[in-house]
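A.B. asks: Sequence:
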Amino acid sequence: MLEAEGTLKIGPQATTEKGQSAAVKMTARAGLVYVEKTLGGSKPTAAFHSAVRHYERAEASIQVGEEAFQPSLRDQRRLIGVELRKSKAVLYSPRGPLTREELDLLDVQGNSLLLDRLLPAEAVAVGDAWKHPEDVLAALFGLDAIASTDAQSVLQSVREGSAQMEMAGQVQGSIHGRPTRLQVKAKYRFDMELGRITWFALLVKEDREASPIGPGLDVVARLQMKIAPSAASKELSESALKTVSLGATTELEQLSYASPDGAWRAMVDRRWVLISEKPELTVFRMVDDGKYIAQCSVSALSQDPPKTVALGEFQDEIRQALGKNFRRFVRAGQSVSEAGQLVFRVEVQGEASGVPMDWVYYRIADKSGRGIVVLFTLESSLADRFQESDRDLVRTIRFAEPKSARRESAH
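Numbering of the sequence shown is given in my numbering, commencing with residue 10 and proceeding in unit increments.
If you're looking for bench data, these hints aren't it; they were derived computationally from the structure. Glycine included, every Cβ here is placed at the ideal spot set by N, Cα and C. One or more hints might be untrue.
Across the chosen pairs, the derived CB separations fall in these ranges [stated by the list, open to error]:
{"#": "1", "residue 1": "E169", "residue 2": "S265", "range": "44 to 54 Å"}
{"#": "2", "residue 1": "D375", "residue 2": "K287", "range": "33 to 43 Å"}
{"#": "3", "residue 1": "R337", "residue 2": "E244", "range": "51 to 61 Å"}
Capping the alpha-carbon separation at 27 Å, the derived lysine-lysine pairs in DSS-like fashion look like this [as the list claims (entries may be wrong)]:
{"#": "4", "residue 1": "K214", "residue 2": "K235"}
{"#": "5", "residue 1": "K196", "residue 2": "K214"}
{"#": "6", "residue 1": "K46", "residue 2": "K196"}
{"#": "7", "residue 1": "K287", "residue 2": "K376"}
{"#": "8", "residue 1": "K300", "residue 2": "K95"}
{"#": "9", "residue 1": "K18", "residue 2": "K46"}
{"#": "10", "residue 1": "K34", "residue 2": "K18"}
{"#": "11", "residue 1": "K95", "residue 2": "K140"}
{"#": "12", "residue 1": "K300", "residue 2": "K316"}
{"#": "13", "residue 1": "K46", "residue 2": "K95"}
{"#": "14", "residue 1": "K316", "residue 2": "K46"}
{"#": "15", "residue 1": "K140", "residue 2": "K196"}
{"#": "16", "residue 1": "K46", "residue 2": "K97"}
{"#": "17", "residue 1": "K235", "residue 2": "K196"}
{"#": "18", "residue 1": "K214", "residue 2": "K140"}
{"#": "19", "residue 1": "K140", "residue 2": "K97"}
{"#": "20", "residue 1": "K300", "residue 2": "K18"}
{"#": "21", "residue 1": "K140", "residue 2": "K18"}
{"#": "22", "residue 1": "K140", "residue 2": "K235"}
{"#": "23", "residue 1": "K95", "residue 2": "K196"}
{"#": "24", "residue 1": "K46", "residue 2": "K235"}
{"#": "25", "residue 1": "K287", "residue 2": "K194"}
{"#": "26", "residue 1": "K97", "residue 2": "K214"}
{"#": "27", "residue 1": "K243", "residue 2": "K194"}
{"#": "28", "residue 1": "K95", "residue 2": "K18"}
{"#": "29", "residue 1": "K243", "residue 2": "K18"}
{"#": "30", "residue 1": "K235", "residue 2": "K97"}
{"#": "31", "residue 1": "K243", "residue 2": "K95"}
{"#": "32", "residue 1": "K300", "residue 2": "K214"}
{"#": "33", "residue 1": "K287", "residue 2": "K95"}
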């Protein structure tokens, strides 16, 4: 069970009359129940790097200001794989891509596959303390990187076949490039007969700064986890798992996205963070290793009725939109996508506020002219890190079937 309460710090773009960053109250409560099977052996140890889970329950209730959300996990995505990679726990479904909402629901602090890595590397006596590797703490608290920490654990007692331990300290790091400060307190219990941690309680006070990727946070979160041996799970039996391929792939790590109006959908790299979405405009921003790289804006073509345009006309529209920021067209071309859509792609260089910029424009339309414009914006100095991320996203875009076509197929 996870509970959190505090405020979202909206940032300088939304301030109070006194010039302070606006704060919005938020509360969250989530419940996760799952059976976990570690892969590679019969007994869990700190050396395990992967597992597979079947979620019996995964739901949350979130209140942000006046808005309420109830994210949940689809039945067809209840089978979840977990892989530990250095300082990160990667969750995916062998059944197909998750949505961002589903990933955020499952990827919480205190991943059960990580808990036994909190144990000391060498034998300790009651009262002894030990520090934790930074990559373990980063993965445990969902941080991209750790700048400094004094967090350590102490063996408090050993009785009735279990060892009681406590952890406390501060952790400073970053999430999506946002500086984050944590004050943590935890208690956990190691069962000597089972050879693993079976109870974990965590209290975290988090202060996260606002950034171009999202609002800041000032929250207190409480987590309690109980782990017990489970009866055989048919969903995780050898026969059941024979029908799936375990292992996170590039395709499975992508996130499934559908526009609010259902007009288009795409598969999105996890580095793209959703910033805002409206029927007429969706905005993503890319973060790579904690650094803000680029923005992607997707807007619907406004022609009513839809009409077709030539590539040259599209370039004229781009030049007009950029105005004095425009310097030159780098290249322009057109193609037909796998889905039969006409795709214009135009690369532009220019300058904004004295900073050299790259813009990559796409116009994607079906035969009727119905479609979207996709704009990627980045500083020219980041082009090498961005590489062909625009092409990777755009090639997955698909339009919903027109209503008229759906009506005809129904007859």
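A.B. asks: Report the numbers of all earlier hints that the structure fails to satisfy, in ascending order.
C.D. replies: 2, 9, 12, 14, 21, 25, 27, 28, 29, 31, 33
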